[in-house]
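Model the full assembly from the supplied sequences, consistent with the hints where possible.
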Amino acid sequence: LGLLLAAPVRGWTCVGNPITIEERVCNPGHRCCYSLLNGTEDAWIRTFMARQGIPDQLVPMLGRGHPLGQAMNISDVSGLPIDAYYTRGETSPIKVSLHVEKVSAIDQKRQRFNMQYSLTWTWQDCRLLFSCPQVAFDSRHKSFGDFWSPPLKIKEREDDVTAITSSRHFITGHGWDIYTEDRVSTFACHFDFRDMPFDRQLCNLTIHMPDLFEDRMSLTWFGPVTSDTLDNAEWEIEEGPAWRRWNTSVPVRWGMSEARAVAQFTLKRRPGYLLLNFVLQYVCFYLCSYVGLWVDITAVPARAMLAVVPMLVTANKISALTASLPPISYQTRVGEFAMVNIVAMTIHTISFGCVHFASRRRKQIKEAYEAEQTNAEQGVVMVAERSSFSQWEYAVTEAITRNLEMHMRWFSLVAYFIAGLAIFVR
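So the sequence shown is numbered by this note's numbering: it starts at 640 and just counts up by one.
Worth flagging that the hints you see were computed from the coordinates, not collected in a lab. Predicted model only: the values in this text are computed from it and were never measured. Backbone N, C-alpha and C define an ideal beta-carbon position, used for all residues, glycine too. Misleading hints may appear alongside valid ones.
[As the list claims (entries may be wrong)] Mimicking DSSO-like on lysine-lysine, the simulated pairs with C-alpha atoms at most 27 Å apart in a straight line are: (1) K741 to K907; (2) K1005 to K956; (3) K741 to K792; (4) K1005 to K748; (5) K956 to K748; (6) K794 to K734; (7) K792 to K734; (8) K792 to K748; (9) K741 to K794; (10) K781 to K792; (11) K794 to K956; (12) K794 to K748.
[Claimed, not checked] Quick list of simulated restraints, FRET-style, between CB atoms: (13) Y912 to E797: 38 to 46 Å; (14) R1065 to F809: 49 to 57 Å; (15) A938 to K1005: 40 to 48 Å; (16) R909 to M944: 20 to 28 Å; (17) I989 to D935: 17 to 25 Å; (18) R749 to I713: 41 to 49 Å; (19) S896 to R779: 36 to 44 Å; (20) S806 to Q920: 45 to 53 Å; (21) V930 to Y1008: 49 to 57 Å.
And the structure:
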């Protein structure tokens, strides 16, 4: 320990073999810092390239622009990078990649979800040149705030769980800064429930840097989206490599445009939960109501129960489903099927009412006619000729009593089956 403390700090060198100028190769088609080595104007670049030391030395040295910070009138490197834009007036590329660890808490009522993810940004800053291979440090380092990081904004992001957010820099001697942020955020996603329970939701992540115009920095994707295994009990979540990516630009102000990188993925509902807890139960309630068509019309309490109770239970299930969705002005497939059940049960109830009334009325007409016949035979009264209305009324009530429920038994099943096919098979 005494020897280490007595050792001169300036004598310490890189961890690993220093890199040479020949190794500092630029990306094809991109003018990086080493392409500026062209005479006396590159003295500051050569000075930065010569810096070396152990990480505890390098990080503060890079963050303060040592040894030229005072000469360049900078106390840190938290400003925009010095790159091709400053040196040659060219647009500077900044690349972003995304790794998704988990998608959870999918809330269809609020139309949002939580995502645990890492964003990695890559850019070059000529102020970060040094002769060592690389240096890495995270947000716990006291000099972390001295370094520039992209002003990240994701259009769909509603909130961050800041307690578990971390970030880190990985800087190579070539001046490339690979900056990674680990976040857990809540994102909005517009849900379309028309095909529920077979619905697919498209969710976007629109990444941009506010007030950094496209002529200053071009934001592009670097490689495909990667992910851990994304699993959810109710939703099938598209894995990272299948996400769609594209770059776009949006006019903002003063005739300038802002570069944006968009990622899109699909949430596909697993229909089992809704089919089991709603659709299948609707069918069972319908069958209970349908059985009532076969119960004798004179068993009024049983018929009334089979007509009303399934409808009430179905209405409660509809309310439960509606409570799980946001206010929407269109019907879902499950909602349409529920309405088919309500309408069918209502028709069963109306049918029961009509048949019961017609049966009672037919019985009254028949009893009145038979009473007249009996009185006439006893010579009490004269039998008047029955009016055409009475004859028509008797014929109608008899037809309803004998035929309505008989035909309703097959018509209800056929109509119900066709309606179900029309809703779910399309």
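Structure-based check of all given hints:
With a C-alpha separation of about 16 Å, the suggested pairing of K741 with K907 holds against the 27 Å cut-off. Among the hinted pairs, K1005 with K956 is inconsistent with the structure: their alpha-carbon atoms are about 44 Å apart, more than 27 Å. Annotation: proposed proximity of K741 to K792 holds, straight-line Cα distance about 20 Å (limit 27 Å). A distance of roughly 59 Å separates the Cα atoms of K1005 and K748; the hinted pair therefore is violated under the 27 Å criterion.
Restraint check: the Cα-Cα separation between K956 and K748 comes to about 17 Å, which is no more than 27 Å; the hinted pair holds. For the given pair, K794 sits about 18 Å from K734 by alpha-carbon distance, which is consistent with the 27 Å threshold. Between K792 and K734, the direct Cα distance comes to roughly 15 Å. Compliance with the 27 Å bound is thereby established for this hinted pair. The hinted pair formed by K792 and K748 meets the criterion: a straight-line CA distance of about 25 Å does not exceed 27 Å.
The suggested pairing of K741 with K794 holds, with an alpha-carbon distance near 19 Å, which does not exceed 27 Å. A hinted pair counts as satisfied when its Cα atoms are at most 27 Å apart, and K781 with K792 qualifies at roughly 25 Å. Taken as a hint, the K794 and K956 pair is broken in the structure, with Cα atoms around 36 Å apart against an allowance of 27 Å. A threshold of 27 Å between alpha carbons decides the hint, and for K794 with K748 the separation of about 20 Å falls inside it, so the pair holds.
Separated by about 26 Å at the C-beta atoms, Y912 and E797 break the suggested range of 38 to 46 Å. Distance hint check for R1065 and F809: the Cβ-Cβ separation is about 52 Å, which falls inside the suggested range of 49 to 57 Å. Distance hint check: the CB atoms of A938 and K1005 are about 21 Å apart, inconsistent with the given range 40 to 48 Å. As the Cβ distance of R909 to M944 is approximately 36 Å, the hint placing it in 20 to 28 Å is violated.
The supplied range of 17 to 25 Å is met by I989 and D935, whose beta-carbon atoms lie about 18 Å from each other. As the Cβ distance of R749 to I713 is approximately 46 Å, the hint placing it in 41 to 49 Å holds. For S896 and R779, the Cβ-Cβ distance of about 37 Å falls inside the hinted range of 36 to 44 Å, so the restraint holds. For S806 and Q920, the hinted distance range of 45 to 53 Å is satisfied, since their beta carbons lie about 49 Å from each other.
Distance hint check for V930 and Y1008: the Cβ-Cβ separation is about 35 Å, which falls outside the suggested range of 49 to 57 Å.
In summary, the numbered hints that this structure violates are 2, 4, 11, 13, 15, 16, 21.
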